[in-house]
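*Asks:* This is what each chain is made of:
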Amino acid sequence: MKNIEFLFVGFSFVWILLLGYVGIQHHRIRSLEEKINHYLDDREESSGGEGEESENS
Amino acid sequence: MKWLRLVFDFVLMLIVGLWVLWVFWGVPPAQAEAGAWAQKLMYIHVPSAIIGYVGLAMVAFFSLGVLLGDTRRWDPAMRGSLEVSYVFASFVIITGPFWARPAWGTWWRWEPQLTTFFIMWLMFGGWFLLRNVLPEGTLRKTYSAIYSLLVFFNVPVVMASAYFWQPQVQLHPREDRLTMEPIMNQTFYVSIAVMGLIFARFLWLSFDLEHLKERSRELIYEKH
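Note that the protein sequences, when read in sequence, are chains Y and H.
Take 0 as the starting number for the first sequence in numbering that gives the first Met the number 0 and just add one per residue.
Take 0 as the starting number for the second sequence in numbering that gives the first Met the number 0 and just add one per residue.
I should point out that these hints are in silico values taken from the structure, not numbers from a laboratory.
Hints are supplied without guarantee of correctness; some may be wrong.
[Claimed, not checked] Pairs of lysine to aspartate or glutamate residues, derived as EDC-like cross-links and limited to a Cα-Cα distance of at most 16 Å, are as follows:
1. Y:Lys-34 / H:Glu-213
2. H:Lys-212 / H:Glu-135
3. Y:Lys-34 / H:Glu-209
4. H:Lys-212 / Y:Glu-33
5. H:Lys-222 / Y:Asp-41
6. H:Lys-212 / Y:Glu-43
7. H:Lys-222 / Y:Glu-43
8. H:Lys-1 / Y:Glu-43
9. Y:Lys-1 / H:Glu-135
10. H:Lys-222 / Y:Asp-40
11. Y:Lys-34 / H:Glu-217
12. H:Lys-1 / H:Asp-207
All figures in this text were calculated on a predicted structure; none of them were measured in a lab.
The shape of chain Y in the complex, shown without the other chains (with noise of 0.2 Å):
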């Protein structure tokens, strides 16, 4: 291998390294959000349905 083809491969692996670490968080907190929000709706959904059901009665 060429002195300049080192480069371009530690180059490379740094890039892939960087972008998929930025990829992975970018995943990890999409998808711990989603959850939160899901859970948070599920949690207003259910306790506005009681409170409707509470003033029926």
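Following the hints, complete the assembly by docking chain H onto the known chain Y.
*Replies:* Below, chain H without anything else, positioned relative to chain Y:
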């Protein structure tokens, strides 16, 4: 807050792009004994190591916070900064052999600085193992804080390894005997700044994630 992130990301991408162009075509390659073109990996390799050490110092600071202060407050910061520092230590491990092969004629040798850094990197990885093995609770946070401090104690050993052992067994040059052209020196300092910015962005992402994890944990506790 979202627009601030977008602006930061845009500026960071611009800076990183310009920096890569400069490293490839602006700064001249070194002499053949230093690896010629491959020597340019130094602009990732050494700054990543420096930023990794700074990151580990932060981890040690947050670990002390876990041990001496409010565990719930400092534990997410410790986790987040440790993960990001590990990514930077991995940059060092990855780029090293690609520079070593053309410069030293070998991918790897068990010389003092390589060996001590590798041990530190392995110990670093062990942290995640420990964290996953221990059951959730205060004890897990305490043990991982103590272990983080142990990992941090490797930093002075790695830094001093080029001085401790005899020159015959060394491949890494001593910092006090290094001379570089002014343009290389300047590029090196700019590279530290660029790596620092990437580290800051990663830390930001990591802290966001840890904050969300804490929020989800709180919700679980509220439920039960």
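*Asks:* Can you list which hints this structure breaks, lowest number first?
*Replies:* 6, 8, 9
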